[in-house]
Amino acid sequence: MRQPSYTIALIGNPNVGKSVIFNNLVPGARQHVGNWPGKTVEKKEGTFTHYNTLLKLVDLPGTYSLTAAAEDEMVSRNYIIQEKPDLVVDVIDASNLERNLYLTTLLLELDINLLLVLNMTDIAEEKGYKINVKALSEKLGVPIITTIATKGKGLVELKEAILKAAQSPTKKRNLNYGKKIESIIASIVELLKKDPEIAKNYPLRWLSIKALEKDEQVLDIIRDSPIRAELMEGYFMNANKVLGEDPDIALADARYEQINKIIEQTLVRGKRKWTFTDILDKVFLNKYIGIPAFFALLWAVFQFTFEASAPFMSLIEMFFAYLSGLAAQIPNEIVASLLADGIFSGLGFILTFTAPIFFLFFALSILEDSGYLARVAFVFDKLMFKLGLHGRSFIPMLLGFGCNIPAIMAARSVEGKKDRLITILTVPFMSCAARLPVYVLIAGAFFPANAAAAVWAMYIIGIFVGILFALLLRKTILKGEPAPFIIELPTYKMPTIKGSVIHMWERGVSFLKKAGTYLLVGAVIIWLFSVLPWGVEPGSGESLIGLLGQTLQPLFAPLGFSWQIVSSLVFAFLAKELVVESLGVIYGVAGEASIQAALIASITPVSAFALMVFTLLYVPCLATVGVIKKETGSWKWTLFAVVSEIAIAYIAALLIVTIGGLLV
Amino acid sequence: MITPLCTLTYGTQAKIKKINGGLKLIKRLNEMGLTIGTTIKVVSDSCGGPVLIEVRDSRLAIGRGVSTKIYVEE
Chain A
0 MRQPSYTIAL
10 IGNPNVGKSV
20 IFNNLVPGAR
30 QHVGNWPGKT
40 VEKKEGTFTH
50 YNTLLKLVDL
60 PGTYSLTAAA
70 EDEMVSRNYI
80 IQEKPDLVVD
90 VIDASNLERN
100 LYLTTLLLEL
110 DINLLLVLNM
120 TDIAEEKGYK
130 INVKALSEKL
140 GVPIITTIAT
150 KGKGLVELKE
160 AILKAAQSPT
170 KKRNLNYGKK
180 IESIIASIVE
190 LLKKDPEIAK
200 NYPLRWLSIK
210 ALEKDEQVLD
220 IIRDSPIRAE
230 LMEGYFMNAN
240 KVLGEDPDIA
250 LADARYEQIN
260 KIIEQTLVRG
270 KRKWTFTDIL
280 DKVFLNKYIG
290 IPAFFALLWA
300 VFQFTFEASA
310 PFMSLIEMFF
320 AYLSGLAAQI
330 PNEIVASLLA
340 DGIFSGLGFI
350 LTFTAPIFFL
360 FFALSILEDS
370 GYLARVAFVF
380 DKLMFKLGLH
390 GRSFIPMLLG
400 FGCNIPAIMA
410 ARSVEGKKDR
420 LITILTVPFM
430 SCAARLPVYV
440 LIAGAFFPAN
450 AAAAVWAMYI
460 IGIFVGILFA
470 LLLRKTILKG
480 EPAPFIIELP
490 TYKMPTIKGS
500 VIHMWERGVS
510 FLKKAGTYLL
520 VGAVIIWLFS
530 VLPWGVEPGS
540 GESLIGLLGQ
550 TLQPLFAPLG
560 FSWQIVSSLV
570 FAFLAKELVV
580 ESLGVIYGVA
590 GEASIQAALI
600 ASITPVSAFA
610 LMVFTLLYVP
620 CLATVGVIKK
630 ETGSWKWTLF
640 AVVSEIAIAY
650 IAALLIVTIG
660 GLLV
Chain B
0 MITPLCTLTY
10 GTQAKIKKIN
20 GGLKLIKRLN
30 EMGLTIGTTI
40 KVVSDSCGGP
50 VLIEVRDSRL
60 AIGRGVSTKI
70 YVEE
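First to last, the sequence lines map onto chains A and B.
So in numbering that gives the first Met the number 0, the last one in the first sequence is 663, and the numbering has no gaps at all.
So in numbering that gives the first Met the number 0, the last one in the second sequence is 73, and the numbering has no gaps at all.
Read the hints as simulated data drawn from the structure, not as lab findings.
Take the hints with a grain of salt, since some may be wrong.
As the list claims (entries may be wrong) - Computed footprint of chain B on chain A; a stretch qualifies when at least three of its residues, placed anywhere within it, have a C-beta under 8 Å from a C-beta of chain B: (1) 55-66; (2) 245-254; (3) 276-289; (4) 481-487; (5) 546-554.
What the hints assert, rightly or not - Here are the simulated distance ranges between beta carbons: (6) A:I80 / B:G21: 19 to 29 Å; (7) B:E73 / A:P195: 34 to 44 Å; (8) A:P604 / B:T38: 54 to 64 Å.
Said to hold, decoys possible - Listed below are the simulated DSSO-like cross-link pairs for lysine-lysine, each with C-alpha atoms no more than 30 Å apart in a straight line: (9) A:K497 / B:K17; (10) B:K17 / A:K478; (11) A:K163 / A:K178.
We treat Cβ as the ideally placed atom computed from N, Cα and C, and that holds for glycine.
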């Protein structure tokens, strides 16, 4: 492998299009993109070549400053300061120039090699902005490239500029924070020069500013220096006195003042037009309509998923029934059974649900790309605040509808340790796509007229149980106030069919990959359990699977679950799809209708509903348990999550059976 | 008259006068564009819930807890 000649870091405020640029520059890169702040929580690296020069590109999580509040922002800061990339590309939302330039001033303070990208110039234009790019570049002393990354515009020029800037760094800066502050900075710089160890290793102006801001990491650097006492007592006291306020605040003001001065000369704001975003926000953020609108949209999502996928499901089912029939004719009895009863009945059956899973992903990505997702956090913040919870948590929760694993990782963007932990523990109750096949199967069998509504109910039960659980944690073991809730709402964007299809495809393919690996292995193991000891009736009470189910069944007797269901729930610890897969193997029949008939014969509708809720609430899959361990860094919390999920699932199912028993 | 941000209604423009909070909160608000003297406009109030404001060209949702700590003058 060739070593990259230069390392380039992409930094910028959240949701300005860094990952889109990354995906466009790095061949084959598939960073997750969407229209809400906080998608990238880990730095992501890739390489690309330009004129035969290999460049390493690092996509950093979005951040508003270099004083980190949430964990994802810490990653960005540490990378820039410690790894010292050859070039830092600061991506700026051109339609939000003023606030975006704040981070730019912080980067300029660092005396690093900087390149600015004014992205989303189309939206800026829609807003009526006229930016004098040349003047802006001169004022800041930094080269600027304009792009519309989502449409691929300006990216060739960007490549050129990146290479040029990496080869010939510019570090000429002309920031001026006003007489008072500048003289304080200058005097601290002079003092710092007395310590040769520090003077050699750090940009002194930056160190002085950060010391004034009492940045913890910088104070650490100074801790052992002989000049420390003089700095802390003499200089800091003096700075407070001269400025009349905390230096942090004075510096922030000075930065904005500088930005305003520059903007006055380079940006003409046209007349504020009544935009699409204003109109939609009037509806979706309305205090009365907001929450009902969310549930209505969610309902539409499932109605769409059901209606659109039905014909595809029948097609896939026919295909596997045909294959299964062919396989049954294979002379070798074991091979025939493995293929027909194990793979085609089990795996083939779960593959029928590829259709609803794809359509669900399609619908969810429309919500995600449009900018609505971040609004849900706003809509629910009132309720969440009253409960002592954090509105921001709602974004990871909704992401959980796709898959719990990235959702748990997304909790890194939640500020505050306790808030983050609560979010991580709540996400598993959000119904992921893997649970969908179970609902589709059971709801289709027992509530055919209201199948979509029954599935919709599962998602809502998941949200409510999640909120109740979070509340319980907040009132007991994770007491405290929620961290302040401040979130930037992105401009609405019309989701494109192409974008949504790509999203659907990427996530759908990961389901197919899972099917080709875990679910295939699962099908073989389940099949083995169902035919061993060899010679018994496959999937009967005498097989291993039958013995397993029958041993545990008394525990679930109060819920009215048959042993077949109990054993499928055991296998589903690995992945929720295995509920459906093992039912397919146990009943040894291919096709949704025949399995549904077998289910109807074995449990009551009330127990069926309880089964849906149980599946919804208990441990999502082994991989989620692994991610909880990784993100909490604690076996104690992981064990707590697993035990509480099983307990809650059991209690909820029992409640349904008890109440349902009284009603029916 | 100086009032907390949470009391403003839809469409009101106001200037930030004071932030009643720890340095950590003030810094956070500063970096998102909310400094003393900044003009903000309320785009959506939700009566006991978060407020949506426009500040320095961006749209920020501010939770109830924070909006009671920001004092503004119309």
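>> Name the hints, by number, that the structure is in violation of.
In response: 5, 7, 9, 11
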